[in-house]
Amino acid sequence: MLELSDKIIQEHHLTAMMITHNMTDAIRHGNRLIMMDRGRIVLDISGEEKKRLTKADLLARFAEKAGVQEETDEVLLS
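Just so we're aligned: the sequence shown equals residues 36 to 113 in the working numbering.
Derived DSSO-like pairs: lysine-lysine, alpha-carbon spacing no greater than 27 Å straight-line:
#1 Lys100 to Lys90
#2 Lys42 to Lys90
#3 Lys100 to Lys85
#4 Lys42 to Lys85
#5 Lys100 to Lys86
#6 Lys42 to Lys86
Quick caveat, the hints were computed from the structure, so don't treat them as lab data.
Could you build the full structure based on these sequences and the hints that come with them?
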């Protein structure tokens, strides 16, 4: 379904927003990734930076920006 959505968005030059807790999908799809914590934006990643991003990098950056000291369930399930 996500691949079909990507195709339609690209073919018709549409703007779309995907809201997900699946970090792999967030990295794989779209051209911009915005990550929030308690209602505030803590990460806004796009372009080449997003293309090089891994799930481990995303978790580490989120933990740093959100002020989390370790990879707790709170970080992993955010």
